[in-house]
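Undergrad: Residue numbers (numbering that gives the first Met the number 0), protein chains in the order written: chain A, 0 to 438; chain B, 0 to 194.
Certain hints may be false.
Unchecked claim - Computed footprint of chain B on chain A, listed as stretches where at least three residues anywhere in the stretch have a Cβ under 8 Å from a Cβ of chain B: (1) 65 to 76; (2) 83 to 97.
Said to hold, decoys possible - Partner residues are not named here, just some residues of chain A that face chain B (Cβ under 10 Å, in silico): (3) Ile61; (4) Thr62; (5) Phe249; (6) Gly252; (7) Leu255.
Claimed, not checked - Estimated spans, in silico, between C-beta atoms of each pair: (8) Leu393(A) <-> Phe29(B): 48 to 58 Å; (9) Leu62(B) <-> Pro176(A): 44 to 54 Å; (10) Phe29(B) <-> Val28(A): 22 to 32 Å.
Keep in mind that the hints were calculated from the coordinates and are not lab data. Just so it is clear, the structure is predicted and the values come from calculations on it, not from any experiment. Heads up, the beta-carbon is just placed ideally off N, CA and C, and yes, glycines get one too.
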Amino acid sequence: MSFAWAKPYEPTSPFMKWVDERLPVPRLVYGAIGGGYPVPRNLNYFWNFGVLAGLALMIQIITGIVLAMHYYSYAGGAFDSVERIMRDVPAGWVLRYVHQNGASFFFAIIYIHIFRGLFYGSYKAPREMVWMLGVTIYLLMMATAFMGYVLPWGQMSYWGAQVITGFFSAIPVVGEPLRIFLLGGYAPDQAALTRFFSLHYLLPFIIAAVTILKIWALHIPGSSNPTGVDVKDEKDTLPFHPFYTAKDGFGIGVALLIFSIFIFFLPYSLGHPDNYIEANPLVTPAHIVPEWYFWPFYAILRSFTVDFILPAKLWGVLAMFSAVLVLFFLTWLDRSPVRSSSYRPVYKIFFWVLVADIIVLGYVGQAHITPLNVALGQVASAYYFLHFLIILPLVSKFERPLPLPNSISESVLHGEKQESAPFGLATTGSTTAAPAAAE
Amino acid sequence: MATVSEPAQPMMPGEPVADASGQGVRRRDFINIAATSFAGVGAGVAIVPLLMQFAPSADVQALSTTEVDISKIQPGQGIKAVWRKQPVFIRNLLPAEIAAANKVDVGSLRDPQSLADRTKPGKANWLITLGVCTHLGCVPLGIGEGENRGEYGGYFCPCHGSAYDTAGRIRKGPAPKNLVVPEYSFTSPTVVQIG
Chain A
0 MSFAWAKPYE PTSPFMKWVD ERLPVPRLVY GAIGGGYPVP RNLNYFWNFG
50 VLAGLALMIQ IITGIVLAMH YYSYAGGAFD SVERIMRDVP AGWVLRYVHQ
100 NGASFFFAII YIHIFRGLFY GSYKAPREMV WMLGVTIYLL MMATAFMGYV
150 LPWGQMSYWG AQVITGFFSA IPVVGEPLRI FLLGGYAPDQ AALTRFFSLH
200 YLLPFIIAAV TILKIWALHI PGSSNPTGVD VKDEKDTLPF HPFYTAKDGF
250 GIGVALLIFS IFIFFLPYSL GHPDNYIEAN PLVTPAHIVP EWYFWPFYAI
300 LRSFTVDFIL PAKLWGVLAM FSAVLVLFFL TWLDRSPVRS SSYRPVYKIF
350 FWVLVADIIV LGYVGQAHIT PLNVALGQVA SAYYFLHFLI ILPLVSKFER
400 PLPLPNSISE SVLHGEKQES APFGLATTGS TTAAPAAAE
Chain B
0 MATVSEPAQP MMPGEPVADA SGQGVRRRDF INIAATSFAG VGAGVAIVPL
50 LMQFAPSADV QALSTTEVDI SKIQPGQGIK AVWRKQPVFI RNLLPAEIAA
100 ANKVDVGSLR DPQSLADRTK PGKANWLITL GVCTHLGCVP LGIGEGENRG
150 EYGGYFCPCH GSAYDTAGRI RKGPAPKNLV VPEYSFTSPT VVQIG
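So here's chain A without its partners, still in its complex pose (with noise of 0.2 Å):
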């Protein structure tokens, strides 16, 4: 994989030897995560956001068994059984609130881990399937998190279930019909949460697998990096062990320490007081938001409020999908040779606009259906859509790009030859000079 000077696996005991030969699992992991994957040299932080999200999914999947040891899928026990974990399991409370908000912290990493590839034009080529890739494993992290949220059973969760599953009786003729299929009922109830609860559990496994896939992908053409120039030689790249696990790891660090301020004293910040509350099918509550990583799209859906030849519940839930569905064709709708927005100072403007317009977005989805939300809804939607369709296509079109750096290593080197030397092979001249420094 990868270039032609990344280091061969040499095992380095027999036994190593001896397995390697016969299953050569230590040669994969050697050229995936070891010294084995060379890196262009200067990947900012940004470009620990894979791995954090890795973590994430990680830390989901572990605490997710062994919540699953004491949930109850069953309605009328669902919610008694996760206050149950809350007060009379040993460290329930803490594997719930890790599972709780690591679904925020999960969505974060991805949030940071999605506009780096905006912005460095991740998604261009030759990295097309590596980004749709990430685009697939998004959805099916969304479902993840919805079916998830259905679990507990409170009021939140009820009429979640009830609002997003009614985004399929909007498809003309068929959907009331698919959606009392897909709900197993008339209204959510026992059979939706038990489906619910098996593909809650079987997707991160699913993601797992797509994940493997995408570094699979990841690893034929390298990561990307923030100049955007192809890696040329070797002097362009150290390899991913030490180099980058140890800033994987400080990186890992820091966002435990954010994590843990979010388990340990803000529990409760970013979950609704109301999911305290059992689910009761005949009362919704006043107020009805979904978890903060839904609310831009939650904003386009509501932004649709007159029929326009369709129905206006119909336009929102097929806008709201295609504000994702539009991010599979982002390599198409944006021409620009250039990757790194560093080199792009008109595409550089608009990417802040678009970040700007989905905090916007962000906020009409939480607040209330006033007429100023709901005007301010519908700008944002229509700007989203109008980046995506219209500006990326004629700003790639008309754009001229800053002049790009030969290469990565004169990019970020300052000439001295020791410096940029491929790492390893280097400096036969400065070994006679250490030896005196180290005096």
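Start from chain A and add chain B according to the hints.
TA: Okay, now just chain B, sitting in the frame of chain A:
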């Protein structure tokens, strides 16, 4: 992982190297070992709650005592009570059964205990044991009317043929120990609190 495969040259310009042979502890080695140890301790601590949750939860521990009314148990009869989700045999022994149990030479038993060791003073007719065979945990027969009591007249485990006598002591078969006598006390002449 700290040193072996790395070249004996500075990773950063100006960083001191080890002695000429590349041996010795560098500042970088110290940082490496300290950082990985710290991460290891963190991972170890993270495993603690994942293991703790396997232990009996508060609602399970809350079942650790049970009160049983024994006023209706006639001599020669017995009942099954439930304590910690396990059966407890409460048996009102006949004088003949007490005599049979006391006749046995304690020293000859696999798990030497007299009937007096296994009952409360003055209440030798009340034999209270767990109904869990000490071999592999089946519930022995013999507490209900007409059940097979085995050749020693106490209990007989249908799983692997262990036979217990009228004091619930193992006499024959694979079980290693007498039926366990749980902690209990008479809170009144007719009520027993188990646990």
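Undergrad: Look at each hint and say if it fits the structure.
TA: Evaluation of the provided hints:
1. Counting residues of the region 65 to 76 of chain A whose CB lies closer than 8 Å to any CB of chain B gives 3, so the stated coverage by that chain holds, three being the minimum.
2. A count of 9 residues in the region 83 to 97 of chain A with a Cβ less than 8 Å from any Cβ of chain B is obtained; the coverage claim is therefore met, three being the minimum.
3. Contact between Ile61(A) and chain B, as hinted, is supported at the beta carbon level, the nearest pair being about 7 Å apart and thus within 10 Å.
4. Interface restraint check for Thr62(A): the shortest CB-CB distance to chain B comes to about 8 Å, inside 10 Å, so the restraint holds.
5. Among the interface hints, the one on Phe249(A) holds; its C-beta lies about 9 Å from the nearest C-beta in chain B, closer than the 10 Å criterion.
6. Checking Gly252(A) against chain B by beta carbon gives a least distance of about 8 Å; that is within 10 Å, so the hint holds.
7. Annotation: interface hint on Leu255(A) holds; nearest CB of chain B at approximately 8 Å, less than 10 Å.
8. For Leu393(A) and Phe29(B), the Cβ-Cβ distance of about 56 Å falls inside the hinted range of 48 to 58 Å, so the restraint holds.
9. At roughly 48 Å, the beta-carbon separation of Leu62(B) and Pro176(A) lies within the given 44 to 54 Å, and the hint holds.
10. The beta-carbon spacing between Phe29(B) and Val28(A), approximately 27 Å, falls within the hinted interval of 22 to 32 Å.
No hint from the list above goes unmet by this structure.
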